[in-house]
Amino acid sequence: MRVAYFSPMPPEKTGIADYSALLVPALRERVGVDVVRRGRKKPPRGTDVALYQVGNNPDAHAWIVDALRRHPGVVVLHDFVVHHLVAGMTVGRRDGHGYLDAMEAEHGVVGRLLAHGVLDKRIPPLWESRPEDFPLASFVLDHATGVIVHSRFVRDLVRGSGFPGPVWVVPHPAWPVPAIVPERVAAGVVIGCFGIVNQSKRIPELLQAAATVRSSRSDVTLLLVGPTSPGFDLDRRLQRLGLAGEGTVREGWIEENRLWALMSGCDVLVNLRHPTMGETSGSVIRGLSLAKPVVVSDVGWFSELPGDAALKVSPDEDEVATLTAALELLVTRDDVRTAMGSAAAELVRRDHDLHRVADLYVAALEEAAGGRPVSDAVLREVSEAAAGAGIAPGSAEAAEIARRLAEVGLGG
Amino acid sequence: MRIAVLRPQVPFARGGVEIFTDTLVEELRARGHEAALVSVPFKWYPGERVLTQAFLWRMLDLEEADGEPIDLVVGTKFPSYLARHPEKRVWLVHQFRQAYELDGTELGQFGGAPAERALRRKVQELDRVALGEATRLFAISTNVAARLEASIGLRAEVLPHPPQALDFRCESYGDFVLSVNRLDRAKRIELLLEAAALDSALEVVIAGDGPDRERLERLAHDRGLDGRARFAGRVSEDELADLYSRCLAVYYAPVDEDYGMVPLEAFLSEKPVLTTTDAGGPLEVVADRRTGLVVSPDASELARAAGWLRAHRDEAASLGRAGKELASEVTWDRAIARLLG
Numbered sequence: 001m002r003v004a005y006f007s008p009m010p011p012e013k014t015g016i017a018d019y020s021a022l023l024v025p026a027l028r029e030r031v032g033v034d035v036v037r038r039g040r041k042k043p044p045r046g047t048d049v050a051l052y053q054v055g056n057n058p059d060a061h062a063w064i065v066d067a068l069r070r071h072p073g074v075v076v077l078h079d080f081v082v083h084h085l086v087a088g089m090t091v092g093r094r095d096g097h098g099y100l101d102a103m104e105a106e107h108g109v110v111g112r113l114l115a116h117g118v119l120d121k122r123i124p125p126l127w128e129s130r131p132e133d134f135p136l137a138s139f140v141l142d143h144a145t146g147v148i149v150h151s152r153f154v155r156d157l158v159r160g161s162g163f164p165g166p167v168w169v170v171p172h173p174a175w176p177v178p179a180i181v182p183e184r185v186a187a188g189v190v191i192g193c194f195g196i197v198n199q200s201k202r203i204p205e206l207l208q209a210a211a212t213v214r215s216s217r218s219d220v221t222l223l224l225v226g227p228t229s230p231g232f233d234l235d236r237r238l239q240r241l242g243l244a245g246e247g248t249v250r251e252g253w254i255e256e257n258r259l260w261a262l263m264s265g266c267d268v269l270v271n272l273r274h275p276t277m278g279e280t281s282g283s284v285i286r287g288l289s290l291a292k293p294v295v296v297s298d299v300g301w302f303s304e305l306p307g308d309a310a311l312k313v314s315p316d317e318d319e320v321a322t323l324t325a326a327l328e329l330l331v332t333r334d335d336v337r338t339a340m341g342s343a344a345a346e347l348v349r350r351d352h353d354l355h356r357v358a359d360l361y362v363a364a365l366e367e368a369a370g371g372r373p374v375s376d377a378v379l380r381e382v383s384e385a386a387a388g389a390g391i392a393p394g395s396a397e398a399a400e401i402a403r404r405l406a407e408v409g410l411g412g
Numbered sequence: 001m002r003i004a005v006l007r008p009q010v011p012f013a014r015g016g017v018e019i020f021t022d023t024l025v026e027e028l029r030a031r032g033h034e035a036a037l038v039s040v041p042f043k044w045y046p047g048e049r050v051l052t053q054a055f056l057w058r059m060l061d062l063e064e065a066d067g068e069p070i071d072l073v074v075g076t077k078f079p080s081y082l083a084r085h086p087e088k089r090v091w092l093v094h095q096f097r098q099a100y101e102l103d104g105t106e107l108g109q110f111g112g113a114p115a116e117r118a119l120r121r122k123v124q125e126l127d128r129v130a131l132g133e134a135t136r137l138f139a140i141s142t143n144v145a146a147r148l149e150a151s152i153g154l155r156a157e158v159l160p161h162p163p164q165a166l167d168f169r170c171e172s173y174g175d176f177v178l179s180v181n182r183l184d185r186a187k188r189i190e191l192l193l194e195a196a197a198l199d200s201a202l203e204v205v206i207a208g209d210g211p212d213r214e215r216l217e218r219l220a221h222d223r224g225l226d227g228r229a230r231f232a233g234r235v236s237e238d239e240l241a242d243l244y245s246r247c248l249a250v251y252y253a254p255v256d257e258d259y260g261m262v263p264l265e266a267f268l269s270e271k272p273v274l275t276t277t278d279a280g281g282p283l284e285v286v287a288d289r290r291t292g293l294v295v296s297p298d299a300s301e302l303a304r305a306a307g308w309l310r311a312h313r314d315e316a317a318s319l320g321r322a323g324k325e326l327a328s329e330v331t332w333d334r335a336i337a338r339l340l341g
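If you're matching them up, the sequences are chains A and Y in order.
Residues 1 to 412, numbered by the numbering used here, are exactly what the first sequence covers, in order.
Residues 1 to 341, numbered by the numbering used here, are exactly what the second sequence covers, in order.
The hints are simulated quantities; they were obtained by calculation from the structure and are not laboratory data.
As the structure is a computational prediction, the values presented were derived from the model and not from experiment.
Incorrect hints may have been included.
[Stated by the list, open to error] Under 10 Å between C-beta atoms, here's a sample of chain Y residues computed to sit facing chain A:
no. : residue
1   : A54
2   : P114
3   : K122
4   : L126
5   : R128
6   : Y173
7   : A322
8   : E325
9   : L326
[To be verified] Sample of chain A residues lacking proximity to chain Y, with all beta carbon distances greater than 12 Å (derived):
no. : residue
10  : G117
11  : F153
12  : A369
13  : G370
14  : I401
For each residue, glycine too, the CB sits at the ideal point set by N, CA and C.
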């Protein structure tokens with residue numbers, strides 16, 4: 001089988017480029033994979049199935065969705081909310097009508113009116129203010145013959161959106177842990193948080209919780225790694241909570257190896273977010289691979305992590321109190337940290353093993369490439385037999401046959 | 001309880017699954033249950049026929065029969081476990097192996113074309129749904145359970161069953177090595193014939209019939225084994241028990257076999273088993289130098305092992321007796337108690 005693989009690839013600096021760099025060699029051990037050059041609009045000749053890696057970043061993915069819209073295929077949906085991508089492919093190309101149509105297609109007349117408001121600059125851009133309320137996934141899904149997602153959460157969203165085709169849940173693969181020397185930024189317990197520093201990563205809540213923990217445990221250090229979003233007043237918040245200087249270590253964007261070293265030197269990892277766009281966190285996967293206990297928000301994919309490997313914090317009115325209690329538990333109980341770390345490593349071994357993920361990919365691609373003729377042949381033979389026995393289309397008997405076929409995935 | 005035992009039936013074929021399911025029905029009846037065998041013909045080719053034939057099982061209504069409820073059904077082999085029932089137990093003999101570990105081998109069925117690949121995936125999807133519905137899932141061996149978990153992620157409890165009830169006895173440790181098996185390529189009878197070609201003192205008796213018989217007979221002839229390799233064909237239960245009772249050892253080395261009743265039958269006749277390191281299920285009971293000899297799948301190794309047994313008949317008897325002790329632990333009382341528990 002030959003697969004045309006559309007994805008950003010290194011040296012592009014995106015999580016999905018990293019993902020594909022990890023996945024493609026494992027796929028090539030199983031099937032033929034042609035990585036399509038950026039900007040090409042169609043799969044190479046001889047392709048059995050085209051695979052499109054789609055995320056929310058228009059710079060990285062607009063050309064891929066352009067190709068998808070010309071040649072339908074299997075979509076790997078890394079984010080369910082793709083409003084930013086759609087805006088980039090419409091408004092960003094001076095195609096206001098395209099944006100109006102996309103909003104109307106998914107959200108009806110109200111969506112079109114809101115889109116007018118955005119284009120007329122009467123309301124803030126929805127892709128910045130409320131993207132989770134207007135995911136615009138159908139812009140992509142309408143052209144997909146099947147969809148691969150990383151979580152049951154997104155599978156349910158895709159199904160709920162009315163997508164009629166097959167949806168496969170394939171976990172995010174884990175990177176092999178490089179041979180690194182852990183870099184400890186402080187003595188005592190280090191709580192690490194890796195990723196963009198902003199509101200949706202719940203950094204204000206984390207800072208409050210860390211300040212409370214530090215009030216009784218001065219040997220606890222908070223390590224924040226990642227660029228700060230424009231407009232997010234991190235320094236002022238640190239000062240106000242007494243976390244500036246001692247007690248906090250700050251790193252901006254860092255190279256991959258340093259990231260592994262710093263993460264490896266942490267005792268606890270925190271990765272919160274709300275709202276979720278349906279994404280999976282490569283940072284959490286790395287942390288679990290390092291057998292670290294993690295604290296996550298109880299949303300989306302993160303909710304599906306087993307409780308013995310991750311403590312979950314709901315983004316509700318008790319968020320700070322719950323987060324504080326979780327951190328206090330992990331800071332004070334190294335036996336709990338050890339047990340959670342073991343469970344994390346086992347989870348990665350069991351569910352996120354690269355070769356298992358590649359096998360699941362191949363299963364999905366084989367079904368996508370040849371499933372339709374097989375289903376058609378089965379339906380033809382069954383319906384011929386039914387007709388031969390006098391079972392009329394639309395009869396109760398025919399309905400039962402259809403129901404039984406659907407139960408076992410042969411319903412076409 | 002009213003219990004239906006489910007078995008797909010390849011018309012005119014009779015092998016281990018048929019013996020197992022017939023015996024299960026008898027043993028259930030012997031314990032006061034009302035048991036019946038439910039059988040549907042099975043043909044797995046060409047193309048998507050494997051799916052449409054499997055689907056027949058899905059259309060069966062086994063919740064009751066003749067106005068009386070059926071309390072429990074026991075699925076055994078693909079595709080019988082596609083049947084629906086609120087109390088569906090599966091005692092898995094094996095999945096449709098061509099869609100799993102045999103894929104890509106000479107024993108596989110599905111080619112590389114997209115439709116054939118997809119067909120194989122559909123078989124796996126059927127298993128995932130149908131076996132996932134089971135209220136309890138058993139496998140006849142660790143090998144079968146491990147394959148199941150590795151392929152579709154379902155865990156089964158290992159529940160071996162006893163072999164058919166024959167007049168098992170040990171009369172002597174004669175000069176011949178006995179093979180009891182269906183004659184098809186996967187059973188690897190040719191390895192025994194090649195071993196006999198290397199050791200002029202090795203005599204073999206091959207019980208069983210099948211599509212590979214002509215090729216094997218030709219091979220025996222080409223190797224000059226006439227007189228030392230006897231093809232006994234399908235034998236009666238009495239004849240089989242007699243062969244077991246008089247042989248030196250029993251050869252049983254299919255490729256990655258599910259489990260295999262033959263080693264247990266050999267043990268109940270106090271005979272050691274000759275098998276290979278890649279035989280799969282048989283290795284769960286045949287331990288090298290404890291209940292038999294385990295060698296690499298190589299004719300000269302096998303010939304050497306058979307020669308050693310011939311030269312050490314006391315040791316052969318000792319291995320056979322150790323096997324009997326082990327086989328005596330596998331009883332229908334225990335198996336049925338767990339199956340219905």
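Hints versus structure:
{"no.": "1", "hint": "A54", "verdict": "holds, 8 Å"}
{"no.": "2", "hint": "P114", "verdict": "holds, 3 Å"}
{"no.": "3", "hint": "K122", "verdict": "holds, 6 Å"}
{"no.": "4", "hint": "L126", "verdict": "holds, 5 Å"}
{"no.": "5", "hint": "R128", "verdict": "holds, 8 Å"}
{"no.": "6", "hint": "Y173", "verdict": "violated, 48 Å"}
{"no.": "7", "hint": "A322", "verdict": "violated, 38 Å"}
{"no.": "8", "hint": "E325", "verdict": "violated, 38 Å"}
{"no.": "9", "hint": "L326", "verdict": "violated, 33 Å"}
{"no.": "10", "hint": "G117", "verdict": "holds, 46 Å"}
{"no.": "11", "hint": "F153", "verdict": "holds, 20 Å"}
{"no.": "12", "hint": "A369", "verdict": "violated, 4 Å"}
{"no.": "13", "hint": "G370", "verdict": "violated, 3 Å"}
{"no.": "14", "hint": "I401", "verdict": "violated, 7 Å"}
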